[in-house]
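Trainee: Based on the provided sequences and hints, a complete structural model is requested.
Those protein sequence lines, which keep their order, are chains G, D, F, E, W and A. Going by full-length UniProt numbering, the first sequence opens with residue 1, and the numbers climb by one from there. Going by full-length UniProt numbering, the second sequence opens with residue 1, and the numbers climb by one from there. Going by full-length UniProt numbering, the third sequence opens with residue 1, and the numbers climb by one from there. Going by full-length UniProt numbering, the fourth sequence opens with residue 1, and the numbers climb by one from there. Going by full-length UniProt numbering, the fifth sequence opens with residue 1, and the numbers climb by one from there. Going by full-length UniProt numbering, the sixth sequence opens with residue 1, and the numbers climb by one from there.
Derived by calculation from the structure, the hints in this document are not laboratory data. Since no wrong hints were added, every one of them can be taken at face value.
Selected chain E positions facing chain D (in silico; Cβ < 8 Å):
| id | residue |
| --- | --- |
| 1 | Q135 |
| 2 | E136 |
| 3 | D138 |
Residues of chain D clear of chain E, computed beta-carbon distances all greater than 12 Å:
| id | residue |
| --- | --- |
| 4 | A5 |
| 5 | P8 |
| 6 | F51 |
| 7 | L145 |
| 8 | N180 |
Note that beta-carbon positions come from the ideal geometry of N, C-alpha and C, so glycine has one too.
Protein chains: 6
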Amino acid sequence: MAATARYPLPDLKSLPEDIQARIAQVQEKAGFIPNVFLAFARRPAEWRAFFAYHDALMEREESSLSKAEREMIVTVTSAHNECLYCVVAHGALVRIYDKAPMLADQLAVNYRKANISARQRAMLDFAMKVCTRSQEVDDADFEALQAHGFDDEDIWDIAAITAFFGLSNRMASFAGMQPNEEFYLMGRIPRSKA
Amino acid sequence: MAATARYPLPDLKSLPEDIQARIAQVQEKAGFIPNVFLAFARRPAEWRAFFAYHDALMEREESSLSKAEREMIVTVTSAHNECLYCVVAHGALVRIYDKAPMLADQLAVNYRKANISARQRAMLDFAMKVCTRSQEVDDADFEALQAHGFDDEDIWDIAAITAFFGLSNRMASFAGMQPNEEFYLMGRIPRSKA
Amino acid sequence: MAATARYPLPDLKSLPEDIQARIAQVQEKAGFIPNVFLAFARRPAEWRAFFAYHDALMEREESSLSKAEREMIVTVTSAHNECLYCVVAHGALVRIYDKAPMLADQLAVNYRKANISARQRAMLDFAMKVCTRSQEVDDADFEALQAHGFDDEDIWDIAAITAFFGLSNRMASFAGMQPNEEFYLMGRIPRSKA
Amino acid sequence: MAATARYPLPDLKSLPEDIQARIAQVQEKAGFIPNVFLAFARRPAEWRAFFAYHDALMEREESSLSKAEREMIVTVTSAHNECLYCVVAHGALVRIYDKAPMLADQLAVNYRKANISARQRAMLDFAMKVCTRSQEVDDADFEALQAHGFDDEDIWDIAAITAFFGLSNRMASFAGMQPNEEFYLMGRIPRSKA
Amino acid sequence: MAATARYPLPDLKSLPEDIQARIAQVQEKAGFIPNVFLAFARRPAEWRAFFAYHDALMEREESSLSKAEREMIVTVTSAHNECLYCVVAHGALVRIYDKAPMLADQLAVNYRKANISARQRAMLDFAMKVCTRSQEVDDADFEALQAHGFDDEDIWDIAAITAFFGLSNRMASFAGMQPNEEFYLMGRIPRSKA
Amino acid sequence: MAATARYPLPDLKSLPEDIQARIAQVQEKAGFIPNVFLAFARRPAEWRAFFAYHDALMEREESSLSKAEREMIVTVTSAHNECLYCVVAHGALVRIYDKAPMLADQLAVNYRKANISARQRAMLDFAMKVCTRSQEVDDADFEALQAHGFDDEDIWDIAAITAFFGLSNRMASFAGMQPNEEFYLMGRIPRSKA
Numbered sequence: 001m002a003a004t005a006r007y008p009l010p011d012l013k014s015l016p017e018d019i020q021a022r023i024a025q026v027q028e029k030a031g032f033i034p035n036v037f038l039a040f041a042r043r044p045a046e047w048r049a050f051f052a053y054h055d056a057l058m059e060r061e062e063s064s065l066s067k068a069e070r071e072m073i074v075t076v077t078s079a080h081n082e083c084l085y086c087v088v089a090h091g092a093l094v095r096i097y098d099k100a101p102m103l104a105d106q107l108a109v110n111y112r113k114a115n116i117s118a119r120q121r122a123m124l125d126f127a128m129k130v131c132t133r134s135q136e137v138d139d140a141d142f143e144a145l146q147a148h149g150f151d152d153e154d155i156w157d158i159a160a161i162t163a164f165f166g167l168s169n170r171m172a173s174f175a176g177m178q179p180n181e182e183f184y185l186m187g188r189i190p191r192s193k194a
Numbered sequence: 001m002a003a004t005a006r007y008p009l010p011d012l013k014s015l016p017e018d019i020q021a022r023i024a025q026v027q028e029k030a031g032f033i034p035n036v037f038l039a040f041a042r043r044p045a046e047w048r049a050f051f052a053y054h055d056a057l058m059e060r061e062e063s064s065l066s067k068a069e070r071e072m073i074v075t076v077t078s079a080h081n082e083c084l085y086c087v088v089a090h091g092a093l094v095r096i097y098d099k100a101p102m103l104a105d106q107l108a109v110n111y112r113k114a115n116i117s118a119r120q121r122a123m124l125d126f127a128m129k130v131c132t133r134s135q136e137v138d139d140a141d142f143e144a145l146q147a148h149g150f151d152d153e154d155i156w157d158i159a160a161i162t163a164f165f166g167l168s169n170r171m172a173s174f175a176g177m178q179p180n181e182e183f184y185l186m187g188r189i190p191r192s193k194a
Numbered sequence: 001m002a003a004t005a006r007y008p009l010p011d012l013k014s015l016p017e018d019i020q021a022r023i024a025q026v027q028e029k030a031g032f033i034p035n036v037f038l039a040f041a042r043r044p045a046e047w048r049a050f051f052a053y054h055d056a057l058m059e060r061e062e063s064s065l066s067k068a069e070r071e072m073i074v075t076v077t078s079a080h081n082e083c084l085y086c087v088v089a090h091g092a093l094v095r096i097y098d099k100a101p102m103l104a105d106q107l108a109v110n111y112r113k114a115n116i117s118a119r120q121r122a123m124l125d126f127a128m129k130v131c132t133r134s135q136e137v138d139d140a141d142f143e144a145l146q147a148h149g150f151d152d153e154d155i156w157d158i159a160a161i162t163a164f165f166g167l168s169n170r171m172a173s174f175a176g177m178q179p180n181e182e183f184y185l186m187g188r189i190p191r192s193k194a
Numbered sequence: 001m002a003a004t005a006r007y008p009l010p011d012l013k014s015l016p017e018d019i020q021a022r023i024a025q026v027q028e029k030a031g032f033i034p035n036v037f038l039a040f041a042r043r044p045a046e047w048r049a050f051f052a053y054h055d056a057l058m059e060r061e062e063s064s065l066s067k068a069e070r071e072m073i074v075t076v077t078s079a080h081n082e083c084l085y086c087v088v089a090h091g092a093l094v095r096i097y098d099k100a101p102m103l104a105d106q107l108a109v110n111y112r113k114a115n116i117s118a119r120q121r122a123m124l125d126f127a128m129k130v131c132t133r134s135q136e137v138d139d140a141d142f143e144a145l146q147a148h149g150f151d152d153e154d155i156w157d158i159a160a161i162t163a164f165f166g167l168s169n170r171m172a173s174f175a176g177m178q179p180n181e182e183f184y185l186m187g188r189i190p191r192s193k194a
Numbered sequence: 001m002a003a004t005a006r007y008p009l010p011d012l013k014s015l016p017e018d019i020q021a022r023i024a025q026v027q028e029k030a031g032f033i034p035n036v037f038l039a040f041a042r043r044p045a046e047w048r049a050f051f052a053y054h055d056a057l058m059e060r061e062e063s064s065l066s067k068a069e070r071e072m073i074v075t076v077t078s079a080h081n082e083c084l085y086c087v088v089a090h091g092a093l094v095r096i097y098d099k100a101p102m103l104a105d106q107l108a109v110n111y112r113k114a115n116i117s118a119r120q121r122a123m124l125d126f127a128m129k130v131c132t133r134s135q136e137v138d139d140a141d142f143e144a145l146q147a148h149g150f151d152d153e154d155i156w157d158i159a160a161i162t163a164f165f166g167l168s169n170r171m172a173s174f175a176g177m178q179p180n181e182e183f184y185l186m187g188r189i190p191r192s193k194a
Numbered sequence: 001m002a003a004t005a006r007y008p009l010p011d012l013k014s015l016p017e018d019i020q021a022r023i024a025q026v027q028e029k030a031g032f033i034p035n036v037f038l039a040f041a042r043r044p045a046e047w048r049a050f051f052a053y054h055d056a057l058m059e060r061e062e063s064s065l066s067k068a069e070r071e072m073i074v075t076v077t078s079a080h081n082e083c084l085y086c087v088v089a090h091g092a093l094v095r096i097y098d099k100a101p102m103l104a105d106q107l108a109v110n111y112r113k114a115n116i117s118a119r120q121r122a123m124l125d126f127a128m129k130v131c132t133r134s135q136e137v138d139d140a141d142f143e144a145l146q147a148h149g150f151d152d153e154d155i156w157d158i159a160a161i162t163a164f165f166g167l168s169n170r171m172a173s174f175a176g177m178q179p180n181e182e183f184y185l186m187g188r189i190p191r192s193k194a
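Mentor: Following this line, the structure appears as structure tokens:
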């Protein structure tokens, strides 16, 4: 059916310089421009806020969550929200950061059966509660996480990543954003073989 | 039970200057500091991204949605997500912007029975679909909105506001944010009487 | 959209004398006739049964639930059922009986975040179970309530009030009953100021 | 597990005279005392209101719904709410009033597959909407019923019977009311054979 | 509405010999041909697999579940899936195997209120979890069953019967299969009386 | 957490000859033994019925559904039921049969956004209805499929495949069956490159 995005992607040249610069940087690192960078760029002010928020959460140095763990939260949240772009793109990051070629698929289908630690399971259970029933979060949820060594800053990280990608999921799905083909295979094959 | 926030509010003086400046500006206009400005300020990078995103959507000049209509979307989304802070704070803004002292309560309980136009009803039906089933948004939803005169930019506005406040709702609920007392009564009484 | 009731309100003069008398009494006390008294009066036999049931539960002298607590149950049940008339009208009674101008809004949005006692929280959790999953009520529910000092008569009161207003919510929503304007502001401002 | 009611049944002799009289009348007609008459009698004021409401709806002479149709609504609503007492007791009445020994079981399992008319199907679809989503009832629902010849009074009957038995279902389930054994077989065998 | 099956029943004579033989055997025992034997026979390969699977589970000699208990699982699963054929046909078997004329109706309406043992309640709770949330089955479910004396083979039996009749329910409902009239009354009356 | 199956896999040598033969055949073709063949073999009678049913549906020569289309139904049903084994194993078959390396991931996340034909979309919409609400299947569903050229035999195929894999999903999830590692990468890379 709908293999193309509902909103046309802007011409890269027409974008503000700061946005062009960031996109060039991403392209150099990844080898391609992930569609979200172009899809949101039609509205520069929203683009800047979105990526500033993204970076504040996903590249926060002090976080005790590993980058792979943060991407696990994104993958599970996005799978629940059935967001094609985010599951495919962030599943790729799970595979790469964790050097775990099968993990993203497990998380996307049923994180309860994935090959993760008990601590990561607790992290994802809480993310799912924030994703689906944030109004019911209470002391018992904090205690369950503290029993696994998470402190209040970690818990904020889990909740905020879940909430932010809830936004991202809704935007990508509503706008018909499709994942770049490159994402599907990333991290599935050892570099030496690929 | 929990009448106080789970995360302590930071001391205003300890915050970065740009954040202090914005807060001072808000305080002057509103007469008090809405709790969200302090609650999120413990993480300045997230604070800046959050309010930049907020302003990009809620103060966008070119939007054909009125400010009252945008706050209607926030109130209905927040009511569905059972976010106490957002329903009370943004319900106050609905009352003020629309000079409609009863409308916010109607929207928060059951927007289908609220005293709004057919165009606004279509706008809120779409917001609810983005809020609850964004993965199912399709051409028919766009056509239903176009029949009421909404164009693709308007539809982006509706979806983005819904998605952004889905983030806000989850953060406020998870962190136990309470609305300021001032919000409860704002816009309920004609200024001459108050 | 629909700001008026689907069924026309009967002329007060045309009603049976006992109904007129009760309505006159309510009007004198409240200063206006709550719409439910007229909306249901088109069917006198149902009207009489409805208000007899209402009074048996809500004005039962021996109940250990305070009048404010009974109205809390009504407000939370009605919010779940998204009944505009009942949330607005009975929220007003919560404010008046409990001298708590903000409590009704808290209960209507998310009773888990409302400023209530642990005992009241248990009462409302049980009411929500009767409202949404009465078929699953079992011994554990009774024990949870007994731990807060509720006895079997109190538990009957909670269940019966929840069940009765489930009826009321469905009737008001189906018939498009709108709350009187007076309810919206009742109990929000100290009498001295109003 | 729980084959007996949670609340003890009162002694018949201890009940107010009007309640004793009605019960005697029912017992004479049915050959036994349906448990609901005793279970609710521990609270005479509620008992009187409950049965007055019941009679106002279920024995309303002017209604264009047949008695069997009214019991169909009760059976379908009670099946959705998983109320054992009401499905078994009112299923018996469906069998008797409609001389249809298999109909109640069909309605209780899946009314969409029951041997009923298109008009009855529309009636039950509306009852299910009032039962599960009364907040969404709108003009289209009224029009669908009018297309089958139902007028506004009929629609009120359907909604009110559904709402009233929603109350009854919650009370019976919460209180652990068990159906009398007699109900299970009533109307299943032609009188000549029984 | 639809009192007949959507797919025409094949002529018995036209069926392969092994299928005719089995059907003749069933007819001799039951006194009639249950519709499922004819409805599925239009596709002999599927018919053979279906009944082979059925027999492997329902007539497994080594199982520690009684035949009545296995039919209880079928009845409760089928009631949840609202499958008219299966509730009526297998409810009849519950009545016959357990000599319990009222049990099937109790199970079909609300198994939590049925007159069964605590062990049977645990069995049915697990069946309902496999029926509705198999992706969430975990160690705690196995432990709850082990506490009632079920071993891993029993648990496999419960899960497999639930899963198999989930298939059966979907086929019967989709194809509009109607239960034979004979099933409705089977096991309700002591043989001496019938 | 649980990366191994809850039930120990039987020793291949201990299995009945017919089962060993089929397994050897599969192993030769695929290069490995898919876990389902061993996991179910602990119960030979159920194994034989399961694979006979599978073959009757998935290898039915007369079907107008292509093998890839049948595997699409399996993938979408299994994704809804969150069955890790089936999504990974049958997703691999979608990729291979359809020479579409990205399609299975699209179907597993959100089939509404997958790169499929309108006819296939209708096929999957119906499969999802049988999967989640088989009790509501009615004439309108058949008509929607007929509009895309599906006849009654095709519709039976869609329903039966959905129903059969609903069984398979529940068994695999309950028993903690894990997909073989080989499945994750199958069909993702052109043979020439692999």
